[in-house]
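Novice: Single-letter residue listing:
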Amino acid sequence: MRELSNIWRRVVCAGGVAVAAGLAGAVPAKAQDCVEQVDLTFTFWGSASEKNDIENAIRTFNESHPCITVTGQHIPNTGYVEKITSMLASNTAPDVAYLSQDQAFGWAAEGRLLDLTPYLGDTPEDTYLKNSIYRVEGRLMGTGLATGVMLIYYNKDVFDAAGVEYPPANAAEAWTWDEFVENAKLLTKDRNGNTAADSDFDPNSIDTFGVAMPAGFSGWYPYVVSNGGRMANEDGTELTLNSPEAVEALQAYQDLIYKHHVTPTPTQTGTLPAADILMQSRKVAMSMDGHWRITDFNDTRMNWGIGVLPMFDEPYTPLISTPKVIFASTEHPDEAFEFYQYVSNPEQVGLFKSGLWAPLELEYFETEDGLAKWLTSEDAEYPPEAMDAIVNYSLNYTGEQLPTYQLRNIGQIMNDAVIPAISKMLDGTVSAQEAMDEAVANAAPLMQGRW
Amino acid sequence: MKRWQTPLHSCRAAGRASGTRMTQISTSTTLAERSSGRSAAAKRKLSRRQRRELYWGLGFVSLAVGGFILLKVIPIVASFVISLTDWNVARAPSFIGLNNYMRMLTADPLFWKSLWVTAYYSLFSVPVSMAFAFALAMLLNTRIPALGMFRTLFYLPSIIPVIASSILWLWMFNPDFGLFNAGLDLLGLPRQRFIYEEGQVIPSLVFMSMWSVGPMMIIFLAGLQDVPNQLYEAVDIDGGNAWHKLRHVTIPMMTPTILFNLLISIVAALQTFVQAFIMTEGGPNNGSLFIVFYIYRKAFQEQQMGYASALAWALFLVICALSILVFKTSNRWVFYHGGDD
Chain C
1 MRELSNIWRR
11 VVCAGGVAVA
21 AGLAGAVPAK
31 AQDCVEQVDL
41 TFTFWGSASE
51 KNDIENAIRT
61 FNESHPCITV
71 TGQHIPNTGY
81 VEKITSMLAS
91 NTAPDVAYLS
101 QDQAFGWAAE
111 GRLLDLTPYL
121 GDTPEDTYLK
131 NSIYRVEGRL
141 MGTGLATGVM
151 LIYYNKDVFD
161 AAGVEYPPAN
171 AAEAWTWDEF
181 VENAKLLTKD
191 RNGNTAADSD
201 FDPNSIDTFG
211 VAMPAGFSGW
221 YPYVVSNGGR
231 MANEDGTELT
241 LNSPEAVEAL
251 QAYQDLIYKH
261 HVTPTPTQTG
271 TLPAADILMQ
281 SRKVAMSMDG
291 HWRITDFNDT
301 RMNWGIGVLP
311 MFDEPYTPLI
321 STPKVIFAST
331 EHPDEAFEFY
341 QYVSNPEQVG
351 LFKSGLWAPL
361 ELEYFETEDG
371 LAKWLTSEDA
381 EYPPEAMDAI
391 VNYSLNYTGE
401 QLPTYQLRNI
411 GQIMNDAVIP
421 AISKMLDGTV
431 SAQEAMDEAV
441 ANAAPLMQGR
451 W
Chain F
452 MKRWQTPLHS
462 CRAAGRASGT
472 RMTQISTSTT
482 LAERSSGRSA
492 AAKRKLSRRQ
502 RRELYWGLGF
512 VSLAVGGFIL
522 LKVIPIVASF
532 VISLTDWNVA
542 RAPSFIGLNN
552 YMRMLTADPL
562 FWKSLWVTAY
572 YSLFSVPVSM
582 AFAFALAMLL
592 NTRIPALGMF
602 RTLFYLPSII
612 PVIASSILWL
622 WMFNPDFGLF
632 NAGLDLLGLP
642 RQRFIYEEGQ
652 VIPSLVFMSM
662 WSVGPMMIIF
672 LAGLQDVPNQ
682 LYEAVDIDGG
692 NAWHKLRHVT
702 IPMMTPTILF
712 NLLISIVAAL
722 QTFVQAFIMT
732 EGGPNNGSLF
742 IVFYIYRKAF
752 QEQQMGYASA
762 LAWALFLVIC
772 ALSILVFKTS
782 NRWVFYHGGD
792 D
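Going line by line, the protein sequences match chains C and F. The first sequence begins at 1 in the numbering used here and counts up one residue at a time. The second sequence begins at 452 in the numbering used here and counts up one residue at a time.
It is worth saying that the hints were derived from the structure and are not from the lab. The C-beta atom is built at its ideal place from N, Cα and C for all residues, glycine as well.
In silico DSS-like links for lysine-lysine, alpha-carbon gap of 30 angstroms or less:
#, chain 1, residue 1, chain 2, residue 2
1, C, LYS51, C, LYS373
2, C, LYS185, C, LYS156
3, C, LYS424, F, LYS564
4, C, LYS83, F, LYS523
5, C, LYS83, F, LYS564
6, C, LYS130, C, LYS51
Covered, in the sense of this in silico footprint (three residues per stretch, anywhere, with C-beta under 8 angstroms from a C-beta of chain C), are these stretches of chain F:
#, region
7, 529–542
8, 642–649
9, 728–739
10, 743–752
With the Cβ distance kept under 8 angstroms, some of the chain C side facing chain F (calculated, not the full set):
#, residue
11, VAL81
12, ALA89
13, ASP102
14, GLN103
15, GLY106
16, GLN268
17, GLN412
18, ASN415
19, ASP416
20, PRO420
21, SER423
22, LYS424
From just these sequences and the hints, can you work out the full model?
Specialist: The structure is reproduced here in structure tokens:
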């Protein structure tokens, strides 16, 4: 239905544009045939190149939909939440927007975001990656913007020089944690050329680290899940990061830094350049990072590849997806939804081919035609391992939805309880058990259940 | 510039004017000058010209007053009302009385932590940066070659946007290849982790606060140039040395300037935000959770507008209390030369 009306509108309007353009040249290229001229605002964040691609998408949308004019408003990441909050408070919310999970769910629960059930149906899970669908108290808040999984990036030349096999791209063959540590040790070298596996290795003068790990949630949580742990109990009333499974995984994570010396300390990581630069200059051999970094790695001249994360009990990677919403205050929900879909469509937005985003809908993962629209298209910029490490991984190993998309009050739980504890743990001042006991205690008064 | 000029003038005015004259100053300067000395009864009968001047004066002032009411008074009152509510922006605010304040005082350890962090920082950064600015001003008030260049050089860091200088300091504090640790290496001293360790983050930021003392230094410099030369000559004649000049002339004559700089830097220190926002994100382990940063986090990351407003009011009361304390004690140590002229 939607497709049909869309096509109809395009034909009519395009005709109008052609006539108008032909007659008057400089006349604004908006057709007179529209029943109503619809103006929409769309707010988004992102780097300069991301902004560029989104603005291109907006332009092509406006050209192909002469009756709708979308005005894109790029807001830098750092000020985004403040800006959107004040827009909402002053009743000037945009029509379509990216939204951080900390805000999105609360606002959806208050009815400030449009319930998309009439558009996406009751079971969007049939056609979308299920973890990219967001529900709040029975309402369908919508989908993510695009998806991305956590991966291991590696410099093939460093691996070849150390004689270590590349990290597997197929999750079924994922390294166990112990294999991962052993290989990371072989890749870690001090200034005298000894590896972390040698007895006279000097941990105070490390030249190449085996693996760089992000200090944030997406860096450590996958291993908690892989080991059978969870962030919170079923009803979301209690933090369970001090369970034996979670603590074992987190202790192993801390040990990478202080016991095995294969990972830089958070201080070092925080002040070092980004992973792609580090890896190019051979300061690290592997780096755990999100799918979206492919664009950055493409800009380097090194010989790199991607693999899946190491595992404890079972292979797991989180599916990360920024909520994309339509505000309930929009006067044009149909047109807003039209754009809502357009901006996540791999055929319209270049970011899918360039490696920043993976799509939301299953057809883009499961069918050859779908894949040809991004990953296997001629101008796509994905490494050969992507079929396993992205497609297969996203479809089969992303488990349940991340608790950050489900727990109420997640912003405060993270800020007040989890992040300080994790940062203490990664500083090496306390063990994983002590840190997590503290986190659980501090989180106790903040837990408010699930959406 | 404006931020420090206005209070300076009102400081001086407050010092000179006795109670009743303050009201005149606040209406219109020309009018105040004209009508000074006349009785209150005479004031009621204004000539046409005086009346016209009054209207013009009020007209000009109304822009400033209007702006002040619109952009300051109304938001301040609004924030107090909001502080009595539970408001997450998405939902209409619901009135909860003093619950936010109760929660702050009894159930929020991070409030006390942020208060402690802010106090700890202020306690050290205020005296350290003031002493440093004073010393610099003294040096730049001597007759040395290329004086202009030195004055420019020491003021220069204050021109750099605070974001840029924060990022610069981030690099200097870098534990692995930062300037400071390289210096410590050269001296054979152990490396430090500076802003990356809970115990060192505040001392590091205090150290950093010395970098941007430019405006304070300029005010001191202006004050120093106001010190009458004959007083120094008198010390010379009495056989005093440089220390006597500093102790018995410079410092007493500078006390009004010191008072002003003290107030401004206390307020600025209590409102420290950018360092936490850009450099540390309040970490490590909330070790640099300045109260303004905490307010920001509550308001804009966690959408607890009511609670954030209550926190802002708590900070306001602390600043008020400290300012009153400084003012009340100032008559014991501030010396206004010229007395009540």
